[in-house]
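Let the sequences and hints guide you as you build the complete structure.
Yeah, the sequence shown ends on 234 if you go by the UniProt record's numbering, and it's all consecutive.
There may be inaccurate statements among the hints.
Below, computed lysine-lysine pairings styled on DSSO-like, alpha-carbon distance capped at 30 Å [to be verified]:
id: 1; residue 1: K98; residue 2: K49
id: 2; residue 1: K89; residue 2: K159
id: 3; residue 1: K199; residue 2: K159
id: 4; residue 1: K70; residue 2: K116
id: 5; residue 1: K154; residue 2: K192
id: 6; residue 1: K109; residue 2: K49
id: 7; residue 1: K65; residue 2: K47
id: 8; residue 1: K154; residue 2: K89
id: 9; residue 1: K197; residue 2: K154
id: 10; residue 1: K208; residue 2: K154
Computed beta-carbon distance windows for the label pairs [said to hold, decoys possible]:
id: 11; residue 1: D221; residue 2: K49; range: 45 to 55 Å
id: 12; residue 1: K208; residue 2: T97; range: 42 to 52 Å
id: 13; residue 1: P76; residue 2: M149; range: 22 to 32 Å
id: 14; residue 1: I168; residue 2: K197; range: 40 to 50 Å
id: 15; residue 1: G158; residue 2: S96; range: 32 to 42 Å
id: 16; residue 1: K208; residue 2: G129; range: 27 to 37 Å
id: 17; residue 1: N211; residue 2: I190; range: 14 to 24 Å
id: 18; residue 1: I168; residue 2: D54; range: 15 to 25 Å
Quick caveat, the hints were computed from the structure, so don't treat them as lab data.
Being a predicted model, the structure only gives us computed values, none of them experimental.
Every residue gets a Cβ at the ideal spot worked out from N, C-alpha and C, and that includes glycine.
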Amino acid sequence: MKHFRKEILSIILIVFISVNATCQDKVGSVSDSDVKVEKRKKKRKKKYKLPNIDLSHWKVTLPIKNDAGKPYEIEPPEIFDFASNPVAKPYMYIDSTKGAIVFHAMPTKSTTRNTKYSRSELREQMVPGNNNVNWTFAQGGNLKGKIQMEQTTKDAEGKYHRTIIMQIHGRLTNEQRDLIGQDDNNAPPILKIYWDKGKVRVKTKVLKNLNASNMELLHEDAWEMTKDLVLNKK
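In structure tokens form, the structure reads like this:
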């Protein structure tokens, strides 16, 4: 996977029109031209929409470093005020014409552990502020939403870079981590949804050996990635 840059520019042009109307001699009278001008003003008035997204169980990771040299993160309740947060503004902001939250990322050295790619990424937290409480595959989960990618960078040959849109990432419990002697709770992503060559594609992890023991399946090399599944194939 190559470095990617997701950049969405939203430009809102608001034109203020000043209209001078001459009143008739009689006080309180309104001419036909005044009525027409008022109607035109109403038609020109811009409409705006705010995103209806509950962020009470989400944190965001941004492609910049904090004072400790780690990726900058914002958790609830601070994330509720992301639109007025000067650190978040360049990377997470509201598009009031579409009623959406826009995420912007570019290649930087601010990456999370076990990856070399930066990101602006929402991460679910079932318990706000706690990464160790997660749903299991036995429990399952549902997420419904609309995602749009408007722009990405190109490589030296003029080809667009591949961009990860969404993923379900595995996470070891503290007990599982200690059992296999791993120094963190990271586990391989079980599902990846990404944009590549104009199409939305999916990859999933499958177990190489269906008879693997509970301890064996905790290791990353026990899994392999499937071939691409194209979602928007025509």
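Structure versus earlier hints, numbers of those that do not hold, lowest first: Per hint list: 6, 7, 10, 14 violated.
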